[in-house]
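With the sequences and hints as input, model every part of the structure.
There are 2 protein chains.
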Amino acid sequence: MTTIKENSTLNANRKNNRASCPVSFVMSKIGGHWKPIILYHLLSGTKRYNELKKLIPAITEKMLIQHLKQMQQDNLVIREAQNVVPPFVTYRLSNEGEQLRPVLDAMVVWAFAQDFKID
Amino acid sequence: MTTIKENSTLNANRKNNRASCPVSFVMSKIGGHWKPIILYHLLSGTKRYNELKKLIPAITEKMLIQHLKQMQQDNLVIREAQNVVPPFVTYRLSNEGEQLRPVLDAMVVWAFAQDFKID
DNA sequence: ACAAGTACTTACCCCAAAGTATGTATCATG
DNA sequence: CATGATACATACTTTGGGGTAAGTACTTGT
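These protein sequences, in sequence, are chains A and B.
Just so we're aligned, residue 15 is where the first sequence starts under my numbering, counting upward by one.
Just so we're aligned, residue 15 is where the second sequence starts under my numbering, counting upward by one.
Don't read these hints as lab results, they were simulated from the structure.
Check the hints yourself; a few may be wrong.
Identical copies look the same in the list; a pair holds intra-copy or inter-copy alike.
[As the list claims (entries may be wrong)] Computed cross-link-like contacts, BS3-like style, restricted to lysine-lysine with a CA-CA straight-line distance of at most 25 angstroms:
| id | residue 1 | residue 2 |
| --- | --- | --- |
| 1 | LYS19 | LYS61 |
| 2 | LYS76 | LYS61 |
| 3 | LYS68 | LYS29 |
| 4 | LYS76 | LYS19 |
| 5 | LYS68 | LYS19 |
Structural data, given as structure tokens:
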């Protein structure tokens, strides 16, 4: 986890935006390089850690768990682990995460209404 | 404008995500610190450059025009300038920008469904 | 003549998010 | 006995988005 300077303008600005703009608030939860795709893949159902890794080949393990953990803390995803060997861990959207579906769906609709094409 | 290294994993990953994930594609257009709030303010109608500055006190002029320009290039906002002195420049959502309204509205709904409160 | 308002532009710096690399624990299987 | 699979952890480096500060050009008000 990266240590963050408490008294930087960057941070002050972010906090301000999160506090005063609902859109920024949402962005702070689902923004960044990787959260969008992780969420996108979780939209289609529960996934194992390794499944996500294979679905998102370019992601490093560090980034994957870092964001999964973050989204857990933000109550967007739920981690479930059977205490067996080899470990079996699954991730799925929580209720709050599920409620993001309209947001993400609206994005998908917009993307395809623009020049977006898969490959 | 910051010069960007062409052969970095960072960039390659971003391009990949944009190309393969519709949600990432949208994020690349409306993500970042400032675009969300600028868009949020433009949702309520055409604004002058200085109006936006006053509505978003923490933003620097550099960031404001930088993102306005970017969103112009992405065909999200339209710049209109009367060639008078003192200059009179307005910004408003384009058609494509307007079509983002469902996305942004869904975000606002979600934000208020969570613990988000203004101040 | 000088400050104030308009809408930018440009050079330089900083830091947090992202990437690189390597290590950990447990058990099954060859 | 060592390799592979599982799901992580952690130290170190890079980089690009954002911040700071100052300048531009043109006109109106005092």
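Against the structure, the hints come out as follows:
Proximity of LYS19 to LYS61 under the C-alpha cut-off of 25 angstroms is found in neither arrangement, the shortest distances being 35 angstroms within a copy and 34 angstroms between copies. In the homo-oligomer, the alpha carbons of LYS76 and LYS61 lie at most 25 angstroms apart inside one protomer (17 angstroms), although the nearest pairing across protomers, at 42 angstroms, exceeds that limit. In the homo-oligomer, the alpha carbons of LYS68 and LYS29 lie at most 25 angstroms apart only across protomers (18 angstroms), although the nearest pairing inside one protomer, at 34 angstroms, exceeds that limit. In the homo-oligomer, the alpha carbons of LYS76 and LYS19 lie at most 25 angstroms apart both inside one protomer (21 angstroms) and across protomers (23 angstroms), since each shortest distance falls under that limit.
For the homomeric pair LYS68 and LYS19, neither the shortest alpha-carbon distance inside one copy (34 angstroms) nor that between copies (27 angstroms) is at most 25 angstroms.
Violated hints for the displayed structure, listed by number in ascending order: 1 and 5.
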